[in-house]
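Chemist: In order, the protein sequences belong to chains A, B, C, D, E and F.
Each residue of the first sequence is one higher than the last, beginning at 1 in this note's numbering.
Each residue of the second sequence is one higher than the last, beginning at 1 in this note's numbering.
Each residue of the third sequence is one higher than the last, beginning at 1 in this note's numbering.
Each residue of the fourth sequence is one higher than the last, beginning at 1 in this note's numbering.
Each residue of the fifth sequence is one higher than the last, beginning at 1 in this note's numbering.
Each residue of the sixth sequence is one higher than the last, beginning at 1 in this note's numbering.
No wet-lab data here; the hints were simulated from the structure.
Hints are supplied without guarantee of correctness; some may be wrong.
Claimed, not checked - Pairs of lysine to any residue residues, derived as SDA-like cross-links and limited to a Cα-Cα distance of at most 20 Å, are as follows:
no., chain 1, residue 1, chain 2, residue 2
1, B, K73, C, T50
2, C, K215, B, V134
3, E, K215, F, D139
4, F, K215, A, R87
5, A, K31, B, R65
6, A, K116, F, G217
There are 6 protein chains.
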Amino acid sequence: MSNQTASSLSSETIELLRRASTATVTMQLLKRGLRNLAISGLRPLNLGATRIVGPAWTLRYIPGREDLNPPPKPGDPENAQRHTVERAPPGSVVVVSTGGELRSGTFGDILVARMKVRGVAGIVTDGAMRDVPVVSTMDIPVFCAGAAAPPSMNWLHPIDVQVPVGCGGVPVFPGDAVIADADGVVIVPNGIAAEVARDAFEQERIETFVALQVKKGKSTTGLYPPNDETRAAYAKWLAAGEPTD
Amino acid sequence: MSNQTASSLSSETIELLRRASTATVTMQLLKRGLRNLAISGLRPLNLGATRIVGPAWTLRYIPGREDLNPPPKPGDPENAQRHTVERAPPGSVVVVSTGGELRSGTFGDILVARMKVRGVAGIVTDGAMRDVPVVSTMDIPVFCAGAAAPPSMNWLHPIDVQVPVGCGGVPVFPGDAVIADADGVVIVPNGIAAEVARDAFEQERIETFVALQVKKGKSTTGLYPPNDETRAAYAKWLAAGEPTD
Amino acid sequence: MSNQTASSLSSETIELLRRASTATVTMQLLKRGLRNLAISGLRPLNLGATRIVGPAWTLRYIPGREDLNPPPKPGDPENAQRHTVERAPPGSVVVVSTGGELRSGTFGDILVARMKVRGVAGIVTDGAMRDVPVVSTMDIPVFCAGAAAPPSMNWLHPIDVQVPVGCGGVPVFPGDAVIADADGVVIVPNGIAAEVARDAFEQERIETFVALQVKKGKSTTGLYPPNDETRAAYAKWLAAGEPTD
Amino acid sequence: MSNQTASSLSSETIELLRRASTATVTMQLLKRGLRNLAISGLRPLNLGATRIVGPAWTLRYIPGREDLNPPPKPGDPENAQRHTVERAPPGSVVVVSTGGELRSGTFGDILVARMKVRGVAGIVTDGAMRDVPVVSTMDIPVFCAGAAAPPSMNWLHPIDVQVPVGCGGVPVFPGDAVIADADGVVIVPNGIAAEVARDAFEQERIETFVALQVKKGKSTTGLYPPNDETRAAYAKWLAAGEPTD
Amino acid sequence: MSNQTASSLSSETIELLRRASTATVTMQLLKRGLRNLAISGLRPLNLGATRIVGPAWTLRYIPGREDLNPPPKPGDPENAQRHTVERAPPGSVVVVSTGGELRSGTFGDILVARMKVRGVAGIVTDGAMRDVPVVSTMDIPVFCAGAAAPPSMNWLHPIDVQVPVGCGGVPVFPGDAVIADADGVVIVPNGIAAEVARDAFEQERIETFVALQVKKGKSTTGLYPPNDETRAAYAKWLAAGEPTD
Amino acid sequence: MSNQTASSLSSETIELLRRASTATVTMQLLKRGLRNLAISGLRPLNLGATRIVGPAWTLRYIPGREDLNPPPKPGDPENAQRHTVERAPPGSVVVVSTGGELRSGTFGDILVARMKVRGVAGIVTDGAMRDVPVVSTMDIPVFCAGAAAPPSMNWLHPIDVQVPVGCGGVPVFPGDAVIADADGVVIVPNGIAAEVARDAFEQERIETFVALQVKKGKSTTGLYPPNDETRAAYAKWLAAGEPTD
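With the rest of the complex left out, here is chain A (with noise of 0.2 Å):
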């Protein structure tokens, strides 16, 4: 009944919201009425690692009961926690609605190695990851909103991918563009993604601007947000040529 049909994002959206902080994000997202979007309380695992952006791909839980979760054995079916880990395409970032369970480790080293190796862009989930002495020294930015040491069938049971959740009180939908860095997750509709990407990498660039005149000593007033004389220094300063960083 959900009949959204995602496209895909272009390499151009993708590499502006690389350029843009989560925080510019939202504030294109408030422009357009949206203030439920970005991910309260998760924390990234390993902090030389925190910025992603990619596509939603999504793998829904739902709590764990014993007799349906024993230990899992060689010969088991495919479930929907296996088929993240070997389908999920390149490029996409794993979105996994686990209704905040932290009792159970989402996923553990050896399924991150995985992914990680197919070339999946990061990982983010509502609830905790376990093998986090290893998981935190990997090369890949993984968001959770805890550690747990006991592995997912503990309390989770996987129930299906790619249909639209819920994650830590956001709705993400297959598709829509995830963004992440040391503020948190925040979604942007596939809809939206492309205008957003491009007003947010023009706000990026006059708050570059706005930053060095803070540094200079300028009072906020008139500058931030910027009034039209701000705005035209900042084109005389963008026409002698943005610094580099």
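Given chain A, work out where chains B, C, D, E and F should sit, using these hints.
Modeler: Leaving out everything else, chains B, C, D, E and F in the frame of chain A:
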């Protein structure tokens, strides 16, 4: 990927469960190693209508998004919420997964009235209900986690029906038996509903006898759980014709 | 720095709001893009006195400090709590911001009795009430987040009145319309109270008609929200003389 | 290492506390610098049986473990829960520490019935109760944090009795006075119970006078807390024979 | 109605507090009967900048409302947030009351940079910060309850400055001493700041001596808290010249 | 009434557990039907000291009361906290039950230093720690739920040692094996510690092999959990000499 098939619950199973409390049913579940099937924290809106027994019809919401959830207009296509209201079969129990959203009502009085007219056996949501001044007087059992005036589209988006869901931390598959009373709501997996019903009925009967002995002043030691002597006395009492309550 | 000026609510507005439920009012607020004006988690102490309509008088507490909050003595200067009790105007609704403190009662029976005698229309607190055995029998609507025996000075310090406050996560300005029923408490900004009241009254009237049709067995499709056909039938019904309910 | 010895509470102390509300008792505790003796968040199951006064008998649970807590069998050795049920003295108040576990019932109807028959004065738990459909109709006051169908061994393990415990964030020593009404449950340390009872009784009496004046329309200024003039009027009223209420 | 007047903190008091930990300061507060002045749950953004000492400048937000909080435009009148950014005096600590809102950032990098340039000594909020990737690298201590990408106007409305506020459950009056380190943030009431500073300094000095003895293998009995013998040894150690450390 | 007797953990068991992660250990517990032995929500203070293995020494606090918990004086009798600090045996892990109290520090730097000198293997508390600026640099692993400046007697009262306790929702008996790493803290019941250690060691070894295959690009299907073919390859790899790390 979830390949359970639910049998329908027999009328005998329904009838036996009607005569069992949720407390008794959870003891039967515990005997089968199942400790996570009682939904915590829900309360009945109408204290005169708290008993529910029937097969689960599931409705899943995800968090809302301002652009997806405008106020309803005539001619809107049927969404998962309205599909449930008009199509959940008579005798079924509508079980709603909201992710615990308490800032929007899952249903209001008009939709509940429609489900009541259509023969729905009860409503269970891990979110809030609205129009509680009216719904709490209606003769249909409704269990929820709170009251909230705003309509569902305030912060909820209906997404699909008859998929496995989490409700208040408990896994619910379409066709599972739902049983409720003032202790709350308990889910009995479809595949074991018949045997749980039978054993729960027998447990209720012997506990009726036990309760009578306690009222007469007997110690619970040897009585509860019943030892051989107590079981013999129970058999005699039963043969003599159990009081009609 | 907060330069809103509140008009008084007209008696017509008050009267129309009295005939609307909070559920209806929040639909009107949603139509105006306002999704955050229903206070979650409050309950009425007296189930026979749940309707409140009136302009907000605000009282703000901050957390207490042992040296600032000794037991009261005669001759203590009037603090913001006592100022409210003796001076909130007849017809006003006392809205109290406690930061969600549940270990101290906002008010006890003697202070509530005084406000009742003075004509206060109702009391709303995001904290707890004390002397609930008595207050729950008094004929004044009181909404709170819980009961707590200890006096307010146990962990609260009254600080000022008639400033904008947060109450249960909702902004409340002095003079905003407060409306409550068993769904909880809703705030209507002063500047739109008149139009919301008018539209809510009309919505209530058509929903009365809709509810009648549902009871007769009609499907909600086309009925709710009403399409042209339903609106025509409603107009006819209205012309024929609306039942007094 | 906890070397307090509890005196028994005199019948006079018990009788005086019966005539005081928990609100009054907490004011007396505040006057002695004790701000942390009211248990938050408990509610009475039977609204017609909310008053408790008596000395605490404590029962301590720890979290459960699947292997330690199988379903009960006849012949199981007496554990701390059953010891309490069969041995807590008549007149005592059973105070249970569960660590706030709401997924298992502390006691069900049969065990509560046994305690009632044996003369236990009331039950207070910071966890849940089960068999609420029955227990809520029994003539014994029970305060709890919720209802839960599953038996105690679902997630609780009974460990010992008559040790100091925390109940809902409040320290409770065996022999402390427990007092409850619709405001909740308050603990009075054994060593000051007699003096608190006396002062609370006197406070209740003067507040009865104060409440009468408020109903007649008097301002609370000078009245509450009472200044010399009010105290003189009170003395006169008292001499004239206090109304029986 | 809040008639405290704050003295400015002397440079000696500031200097002594700089040499005391928050742990030591709270022991001094406990000795004065004050148990509620440590804000729980805040963390420093920059682990290399955790020490704050200075007088509180308070900023109060209330919850946001969509119509009150549009994206900012040049020419908007100065609100309480911007007033703080441009006017909180050098050396002051900006203490922000958000009611615990974690879905909006209290401040972002540009406003923090402006406050840093202006000489603000630190920032404390019971809400979230945004632009954490940048702010966490800035040389100004910032304590917050989390990170959130969205701007403050997403769900916050700035209302006033320099009024008494609650911050994380603790009362803060303008001019109170704010002291922070990796244990969190502690408030010292203005009127006792000088004496607390003096006693805390002395306590730090003797605990330095105690810690040395513990490292040498001495038992804590008689040492901590120090008995007469320990105090004599300390006096000797002190006379011999305390290590500068 | 708790009649378990704990064997001491053999040095072989300790050694094997040191080579296992908590993730691996919880899989072994799950295989034995034990799903509730990982403590949620604790974090290590010193990221360079996160591994703990050793038998539990338990310390139980109850909530504090102002009159019971004055600031400490020399000559105070030894309480349960100080008993622990001076007597918990070398190699033991101090496990503290606080009921989740985050407003008082369980221990500060001087007491931790004493335990370190005495050879305690680690500290686990479901409450907060104080003197975190110092403790986080000490070479002893400490897991806690947060930081808090105030001393333990602010809101905690030490009551007894070496009794079974709940810690963070998990049952802990004296002598149970405690194992911790960056995933958190896991309890292994004393009676199964030896077999769990053996099986966990073997699981770690085969997962090392599995992880190598994943890094080489193999699919997890058939590999993890290992089927017969994988097991054969593993046996060969093992025979060829397992890498030392």
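Chemist: Determine for every hint whether it applies to the structure shown.
Modeler: Checked hints:
1. B:K73 to C:T50: Measuring from Cα to Cα gives roughly 31 Å; hence the hint is violated.
2. C:K215 to B:V134: Given that 20 Å is the threshold and the Cα spacing comes to 13 Å, the pair holds.
3. E:K215 to F:D139: Judged against 20 Å, a Cα distance of about 13 Å means the pair holds.
4. F:K215 to A:R87: Cα-Cα ~17 Å, so holds.
5. A:K31 to B:R65: Holds, at about 14 Å.
6. A:K116 to F:G217: OK: K116 of chain A and G217 of chain F at ~10 Å, within 20 Å.
Checked against the numbered hints above, the structure violates only hint 1.
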